[in-house]
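Novice: Chain residues, written in single-letter form:
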Amino acid sequence: MLRKFSHFLVLLAVMVFIMFLMWGFTGHDFMNLGNFQSMAYQMPELGVLSLAMMIAMLTSGINLSIIATANLSGIVIALILTTYLSPDAVGGSTFWVIVIAILAGLIVSALVGALNGFLIAVLEISPILATLGTMIMISGISIVLTEGYVISGFPTAMLAIGNGDLLGIPIPILVFLGCAVIMSVILNNTPLGTRIYLLGSNPIACFYSGVDNRSVLFRTYIISGLYSGVAAVIMISRFNSAKADYGESYLLLTVLAAVLGGVSAAGGFGRVSGLFLSLVILQMISSGLNLMGISNFLTLALWGIVLIFVMVVNYFIENQQQGRRIA
Amino acid sequence: MKKLLTRHETYVFLAIVVFSIIITSINPSFFTIENLFDLLKSYSLMGTFAIGMLFVLISGGIDISFTATATITGYVVAVLLLKYGEGLNILSVFLIAGGIGILLGLFNAVIIYFFKIPSIITTIATLNIYYGILTVVSKGKWLYGFPTWFGDFNNIRVFTLYTADGNPYGLSIITVIWFALILIGWFILRYTILGRSIYAMGGNPASAQRAGFNLLGLNLFVYSFMGLMAGIGSVIQALLVQTVAPNSLVGKEMDVIAAVVLGGASLTGGTGTMLGTILGVTLIAIMGNGLTLMHVSSLWYKVIIGFVILVSVGVSAYRSKRSTRKHIITEVN
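Read top to bottom, the protein sequences are chains A and B. To convert, take the position in the first sequence, counting from 1, and add 45; that gives this note's numbering. To convert, take the position in the second sequence, counting from 1, and add 749; that gives this note's numbering.
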């Protein structure tokens, strides 16, 4: 209990520290409602994708295909919207077309998840390889569907999902919070969640406890795919367009966010609350550096350093705890 | 014969033969010596990276950062060429690039070994550190206009033939360099204690350590060898296109991993051969080249590569599952 809690507290302290650091460097530019609002618009895409990565990592797997999945389902939504609606369409039927388009996108992402699940659970291909293969194939399908072009021009009702607000709170952050709560409930309050943690920490023990490992893995990757689909909805709505290679740099960031948030790369450990804090930390670093006018690429390098730093600190903490247990 | 059927390489080879027959029947210009030499030259880059990747995969690790390493070594070499162009020769260029590559590889190995951070996470991080810093320092500028001797080296052919209309073609020196690296890699893996130890470590690190293998040394070797190949590859890339761009290599790491995996190397370590890797690179090469020659839109390239990878890893997973007859999923990493 103390261990789980201490990681959370460390993250909380880091978050507060970085907030004051950025405040000190950029002054009022950082500490104002406008900046926090713009952060709340930027975080959700990465946030939902990180949840998709997290659940795969909890089973000691990985899902390299989340970005490709998100792009494919974004393209499917975009194709339906641009085929049946003009950008200035309004009214009841518009609403239903959007709902159907989004549902179609989510179904596509769940299907990709099911394909991953089949490859990993039934054929027993290692998750890195299986999702590497689907990543390449799915992004290939996206390229074929779009011929490499950008699809744009959605009705305003669609754009509201990524750019609108409800009582001053940006809608995308509400979507993200919803996704985070659902993920937290799945992991902590359902049999599936318990089995995911068990499978991640010891697949053999899990199997002999009477758990159907295949079904757990299969469902894990479907959920991971579905979350990629939700990220797609936010992403295409924010960009007002869909393309085969949007957001490719997010792949590293989702792993980084998950590991920083305390998700073990070996599986079995990690909580949504930790992931949430790590996302806030990453977003504050990125916004703060951006306000200071520092190159995006330097931010990229910095994130890499942060990732290694966190892993090294984790290593020492674990070492110390193991030492104590033996003594 | 029976032994042949159990080997992954046999199936990759059959796939190559089948693809070649299909492509040739649609466009006979595929099966010409000229096209073969062209392919051998243009895929020397991927082939060189693949040699390093094979070593890392056999050792049980993975290295995503080699494209960033190659970007750095290529850029340093390009800057030196532009500044002291006439004072350098091809050997010194390879030495400089290889040396820097080795250093960057050692850095990966140290982090992976001492802090027990999974190699995929370490190298994802170093990829971004190397690439981010280089892009900031270089400001994303393209470098070109290298000394003439550097351009001339690219055109050296070991022997020259002529097409019907008088165009010269032949076996490029770059292909020869690649072949030499293959031979060295093959020799190390097959006939040296070092090579066998890498297999041992990849197969089971705990047993290898108890059997007295020096895991630190092996890790240092494997990742610095990958760095060396990245450095040599970057010079090959500079020779081939006579331009060094900071963004030309990063993003292609998965293609190389895919080629090596197609050749039968497993991500869990301990398996993989040089022959399989060459066949994997060949399969990717003739598919890319064949699609062009068959006038299939290049849009389909990724779909087909992805599909072939899935079929390949699926078949080998199915075969290993049948041979072990284990009913539990013990291999989730």
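Everything labelled a hint here was simulated from the structure, so no lab data went into it. One or more hints might be untrue.
To be verified - Some but not every residue of chain A turned toward chain B, in silico, with C-beta under 7 Å:
#, residue
1, 68
2, 174
3, 184
4, 297
As the list claims (entries may be wrong) - With a cut-off of at most 20 Å between alpha-carbon atoms, the simulated SDA-like pairs for lysine to any residue come out as follows:
#, chain 1, residue 1, chain 2, residue 2
5, B, 865, A, 351
6, B, 1070, A, 339
7, B, 865, A, 342
8, B, 888, A, 339
9, B, 888, A, 335
10, B, 1070, A, 257
11, B, 865, A, 363
12, B, 888, A, 353
13, B, 888, A, 257
14, B, 865, A, 167
15, B, 890, B, 1037
16, B, 865, A, 362
17, B, 1001, B, 791
18, B, 865, A, 353
19, B, 832, B, 889
20, B, 890, A, 342
21, B, 890, A, 339
22, B, 888, A, 338
23, B, 865, A, 314
24, B, 1070, A, 167
25, B, 865, B, 954
26, B, 865, A, 344
27, B, 832, B, 899
28, B, 1001, A, 342
29, B, 1070, A, 163
30, B, 1001, A, 294
31, B, 865, A, 257
32, B, 1001, B, 1037
Cβ atoms here follow ideal geometry from the backbone N, Cα and C, with glycine treated the same way.
Novice: Now, for every hint given, state plainly whether the structure supports it.
Specialist: A quick look at each hint next to the structure:
With a least beta-carbon distance of about 25 Å to chain B, the hint placing residue 68 of chain A at the interface is violated under the 7 Å criterion. Of the supplied interface hints, the one on residue 174 of chain A holds, with its beta-carbon coming within about 5 Å of a beta-carbon of chain B, less than 7 Å. Taking 7 Å as the C-beta cut-off, the interface hint given for residue 184 of chain A holds, the closest approach to chain B being about 6 Å. The closest approach between the C-beta of residue 297 of chain A and any C-beta of chain B is roughly 5 Å, which is under the 7 Å cut-off, so the hint is satisfied.
With a C-alpha separation of about 16 Å, the suggested pair residue 865 of chain B and residue 351 of chain A falls inside the 20 Å cut-off, and the hint holds. Simply put, residue 1070 of chain B and residue 339 of chain A have alpha-carbon atoms about 51 Å apart, too far for the 20 Å limit, and the pair is violated. For the suggested pair residue 865 of chain B and residue 342 of chain A, the alpha carbons sit about 27 Å apart, so the restraint of at most 20 Å is broken. In summary, the hint linking residue 888 of chain B to residue 339 of chain A is supported, as the alpha carbons are separated by about 13 Å, within the 20 Å threshold.
A distance of roughly 17 Å separates the Cα atoms of residue 888 of chain B and residue 335 of chain A; the hinted pair therefore holds under the 20 Å criterion. Of the pairs offered as hints, the one joining residue 1070 of chain B and residue 257 of chain A holds, with about 17 Å between alpha carbons and a cut-off of 20 Å not exceeded. For the hint pairing residue 865 of chain B with residue 363 of chain A, the CA-to-CA distance comes to about 11 Å; that is within 20 Å, so the pair holds. For the hint pairing residue 888 of chain B with residue 353 of chain A, the CA-to-CA distance comes to about 25 Å; that exceeds 20 Å, so the pair is violated.
Restraint check: the Cα-Cα separation between residue 888 of chain B and residue 257 of chain A comes to about 53 Å, which exceeds 20 Å; the hinted pair is violated. Among the hinted pairs, residue 865 of chain B with residue 167 of chain A is inconsistent with the structure: their alpha-carbon atoms are about 30 Å apart, more than 20 Å. Pair hint residue 890 of chain B plus residue 1037 of chain B does not hold up; C-alpha atoms about 29 Å apart against a cutoff of 20 Å. Distance hint between residue 865 of chain B and residue 362 of chain A is fulfilled; the C-alpha atoms sit about 13 Å from each other, no more than 20 Å.
About 15 Å separates the Cα atoms of residue 1001 of chain B and residue 791 of chain B, which keeps this hinted pair within 20 Å; it holds. At most 20 Å may separate the alpha-carbon atoms for a hinted pair to count; residue 865 of chain B and residue 353 of chain A meet this at roughly 11 Å. Distance hint between residue 832 of chain B and residue 889 of chain B is fulfilled; the C-alpha atoms sit about 18 Å from each other, no more than 20 Å. Restraint check: the Cα-Cα separation between residue 890 of chain B and residue 342 of chain A comes to about 14 Å, which is no more than 20 Å; the hinted pair holds.
Distance hint between residue 890 of chain B and residue 339 of chain A is fulfilled; the C-alpha atoms sit about 18 Å from each other, no more than 20 Å. Taking the CA atoms of residue 888 of chain B and residue 338 of chain A, the gap is near 15 Å; set against the 20 Å cutoff, the hint holds. Proposed proximity of residue 865 of chain B and residue 314 of chain A is supported: the alpha carbons are some 17 Å apart, at most 20 Å. At most 20 Å may separate the alpha-carbon atoms for a hinted pair to count; residue 1070 of chain B and residue 167 of chain A meet this at roughly 10 Å.
For the hint pairing residue 865 of chain B with residue 954 of chain B, the CA-to-CA distance comes to about 12 Å; that is within 20 Å, so the pair holds. Under the criterion of a C-alpha separation no larger than 20 Å, the hint pairing residue 865 of chain B with residue 344 of chain A is inconsistent with the structure, at around 25 Å. Between residue 832 of chain B and residue 899 of chain B the alpha-carbon distance is near 13 Å, which keeps this suggested pair within the 20 Å criterion. Between residue 1001 of chain B and residue 342 of chain A the CA atoms are separated by roughly 18 Å; this keeps the pair inside 20 Å, and the hint holds.
With a CA separation close to 15 Å, the supplied pair residue 1070 of chain B and residue 163 of chain A stays within the 20 Å bound. Of the supplied pair hints, the one linking residue 1001 of chain B and residue 294 of chain A holds, its CA atoms being roughly 13 Å apart against a limit of 20 Å. Taking the CA atoms of residue 865 of chain B and residue 257 of chain A, the gap is near 31 Å; set against the 20 Å cutoff, the hint is violated. Restraint check for residue 1001 of chain B and residue 1037 of chain B: the C-alpha separation of about 14 Å stays at or below 20 Å, so the hint holds.
In this structure, the earlier hints numbered 1, 6, 7, 12, 13, 14, 15, 26, 31 are contradicted, and the remaining ones agree with it.
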